[in-house]
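4 protein chains.
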Amino acid sequence: MPVSLADIRYELAIANRMCAHEGVIDAFGHVSVRHPSDPGRYLLSRSRAPELVTSDDFIEYDLDSRPVREPGVGQYSERVIHGEIYKARPDVMSVCHHHCPSFMPLLATGTDYLPVFHLGAVGGIKPPVWDQHDEFGDTNMLVIKPEEGASLARALGRHWMVLMKRHGVTVAGTSVKDCVFRSIFSARNAEYQVRALTLGSNIDSLTPGEAGLAGSISTKTTGLMRSWEYWTMRVAKAGGTPLRAKKKTAAAKSRRRGKTRRR
Amino acid sequence: MPVSLADIRYELAIANRMCAHEGVIDAFGHVSVRHPSDPGRYLLSRSRAPELVTSDDFIEYDLDSRPVREPGVGQYSERVIHGEIYKARPDVMSVCHHHCPSFMPLLATGTDYLPVFHLGAVGGIKPPVWDQHDEFGDTNMLVIKPEEGASLARALGRHWMVLMKRHGVTVAGTSVKDCVFRSIFSARNAEYQVRALTLGSNIDSLTPGEAGLAGSISTKTTGLMRSWEYWTMRVAKAGGTPLRAKKKTAAAKSRRRGKTRRR
Amino acid sequence: MPVSLADIRYELAIANRMCAHEGVIDAFGHVSVRHPSDPGRYLLSRSRAPELVTSDDFIEYDLDSRPVREPGVGQYSERVIHGEIYKARPDVMSVCHHHCPSFMPLLATGTDYLPVFHLGAVGGIKPPVWDQHDEFGDTNMLVIKPEEGASLARALGRHWMVLMKRHGVTVAGTSVKDCVFRSIFSARNAEYQVRALTLGSNIDSLTPGEAGLAGSISTKTTGLMRSWEYWTMRVAKAGGTPLRAKKKTAAAKSRRRGKTRRR
Amino acid sequence: MPVSLADIRYELAIANRMCAHEGVIDAFGHVSVRHPSDPGRYLLSRSRAPELVTSDDFIEYDLDSRPVREPGVGQYSERVIHGEIYKARPDVMSVCHHHCPSFMPLLATGTDYLPVFHLGAVGGIKPPVWDQHDEFGDTNMLVIKPEEGASLARALGRHWMVLMKRHGVTVAGTSVKDCVFRSIFSARNAEYQVRALTLGSNIDSLTPGEAGLAGSISTKTTGLMRSWEYWTMRVAKAGGTPLRAKKKTAAAKSRRRGKTRRR
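Just so you know, the sequences run in chain order P, V, D and R. Residue 1 is where the first sequence starts when you use our numbering, and the numbers rise one by one after that. Residue 1 is where the second sequence starts when you use our numbering, and the numbers rise one by one after that. Residue 1 is where the third sequence starts when you use our numbering, and the numbers rise one by one after that. Residue 1 is where the fourth sequence starts when you use our numbering, and the numbers rise one by one after that.
Hints were generated in silico from the structure; no laboratory data involved. Misleading hints may appear alongside valid ones.
Said to hold, decoys possible - Quick look at which bits of chain D chain P covers, simulated, 3 or more residues with Cβ under 8 angstroms:
(1) 48 to 55
(2) 80 to 94
(3) 114 to 120
(4) 138 to 147
Each residue gets a CB set at the ideal place from its N, CA and C atoms; glycine is no exception.
Please build the complete structure, drawing on both the sequences and the hints.
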């Protein structure tokens, strides 16, 4: 378990790159973490593609998704997804929002997600589906306003994944690693489910009992650590390991305050 | 925004490689730009695969798709696609023609393109479909004659994308970056739509209101620049960053005039 | 044919990486080999992703899947799959367990595997299908208890492949190379079969006579060695060739005994 | 146009690697060329995966597929495919046999190949389909006997492609480049056709007139050379450019005669 803020930042940078490398996020999408010592804050990258994110890119936000310090750089417009979920769910320590291609056929047809193999249990059986249009009418589909984020968080409820119709998916986890594991394996499962559905509508889902038991595989250490080592290696092989933060975070921040920064 | 012709050429070389790397174009297909200071001209590569194009490869054409100077190298046979669209649409600054695999199922079955997620709005709702056979009968399917290009431009009308049955797609944009963004995300959307259609015919498209609002995401700076940085990085990682032009363009041209050049 | 234990270990490390590189296994899944001189033992990696496995990672197990020496490292929870098959099938020298995406549509719908091209004959015609739920009710789906492994081995019977509903596949072979060949080409065949089924249900399978004759292609030297050289090269090109063991195995073991080891 | 035998060998080595890199052939499959000065002979690699083939690997065969000199190395068992087609078709200068995944759904369901975009015309409209079982009953599906090859050549007739049910595809060309172009673009077309068929059975094929005109694009220089340069670059980028032959071919052969050689 990472303990220092620097370690958390580094783990979060890797998490973003991992999800990108495994095809869950592309130019868009992002992974955040709740601040390890202040549950009223969370860390999310400045506006840049997740595959490029480094330890230095994270901005601290309060749960209303306002930056704690003037960041002086571009910000993701959909950060309220993260803030509102952290506000509604004290047990959630990490959030991933993505538009993974594997989910798109489900999101475009309103088909329920079903775990079709044990690792797919991380997404639950028929997790909630949210459509921004229901409550907010015609928008540009982005979740930008606090009330849009809050509506999504309500839809998520006690679940770990919520499907966003004609848009994407948001996944929650008890840690960065748990959130990444859920994000990647639910995406794999969606891929398999969609391909299975092309053979007909008789899908054998996991039973509720199986899904409950298999769903906790992600919180057991062996499989989770094995996967994390594997995905880390794959990012490294592709030349994508992020650099460590250049400076001590606190110092860096005080020096950076009010300055714009571009790399 | 690039200002010099050298910058425009370099951006266009990257754009060609980007579209290749992201799977929109392969050995065939091309991206052009209208000349920044002379709206009666446009720049398009000599005949070579887009993934290989450099700043030095562009030929200047007038809007009748005649080279301004004898290029002394092979030319794309379908350049009238570009010229006729620039002629018909003064607001278009960049054009991409491609045969992206994602679109092929739509083009082979006459299925309308529908935006199934917000970024797919860049292609519009049910953009026009053009079949060369309707007006010109049996051809080798290539758009070579000025009247063929003009017919395609008429079909495009005020839209930003036109589907070419049993052939490919042509996309227009207000800048090179806008054109690339539209080309890549409409291709992603087509992929998702086709996969969704394998689950049944009940596709939930964006509403006209949503498509209008979401369609302008591409012209907002944050998402566009984030994507451009991402795609640029991916081209670089794959070892595909183009070289800068070797010489000042004007000088290079005068020296090159009438000479054949091969690399 | 490898003769020394060091050679066997090295071949097994390559086999694990090969199956990973060819998309048969990912973070999960594993390939084992029966001990070359003691048929009552088998070698299986410690708990780590197959793509990372080296000659030094293998643990010796007895056929009850108990480590012969205290390994001091994490172990795969599903090792009884291997042990129980070696126990039931003296002719089996290598076992691969995987969750290959290509099989998932079959496993999620209960569709029988059919060889649709000659190399697919390595999996047989309609090999047995096993569902852990039938005998054990709700579980986390992992094959962990000896009786679960024994049930799977009974389902395998005299076949070379058994499908595990809503979970994965287990493949047996007469050697590591044979097992890898069967694993990879049955996965290719499953991919083709699933895609063929999207065109309709009229699949032309190999006849029993053809499947019997074509199924023995894998044990003929030319095709098997050609494939092995090819997959080895592909692992090497991807920078994934495993290191040779650092020490003589026996010595290494005695020194390692009772010590934890992490790399 | 290559003129020397050394150039022909080098071009053929690249052709094999190209087809491998573009996903047309894998561990199996092969591309051959008719001997440039002796139409009664052809060149085909010794038994090895096409992606590994070098200029030194080619064996000269007569049209009965007997090696002109004792090769002292393993040979492809299916070489009669090549020999019998060269015998039956004096206009054919190059042959490619493959099991490309894109074709498998057609081959497993007996679905006719249809050109769904202009470049797919290289395969013709509904090219012939051959089933080894019709004439030879249960076999291991490999085309090994001269009469099997002759039967396939008869099925090919005056066409440029013949589908082999539950097996693969054989493509002929007027040159190595033409054969590769046909092989790759017919495979792309098959991919698109199969995906289009998942949307329904209403495929808009090219008309016979269009297919005739578009089919000759491959013999025009611009597109063919552009594709060749592109595929060559892609092989090079993947680190797969073959070495030039080490020695003059004739000398090498006389020295090699009767010796086994392995690399």
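Hints, one by one, checked against the model:
For the region 48 to 55 of chain D, the stated coverage by chain P is satisfied: 4 residues place a CB nearer than 8 angstroms to a CB of that chain, which reaches the threshold of 3. Under the rule that three or more residues need a Cβ within less than 8 angstroms of chain P, the assignment of the region 80 to 94 of chain D is violated, with 0 such residues. Requiring three or more residues with a Cβ within less than 8 angstroms of a Cβ of chain P, the coverage given for the region 114 to 120 of chain D is violated, as only 0 such residues are present. Closer than 8 angstroms: that is the beta-carbon criterion, and the region 138 to 147 of chain D has 5 residues meeting it against chain P, so the requirement of 3 holds.
Violated hints, listed in ascending order, are 2 and 3; each of the other numbered hints is respected by the structure.
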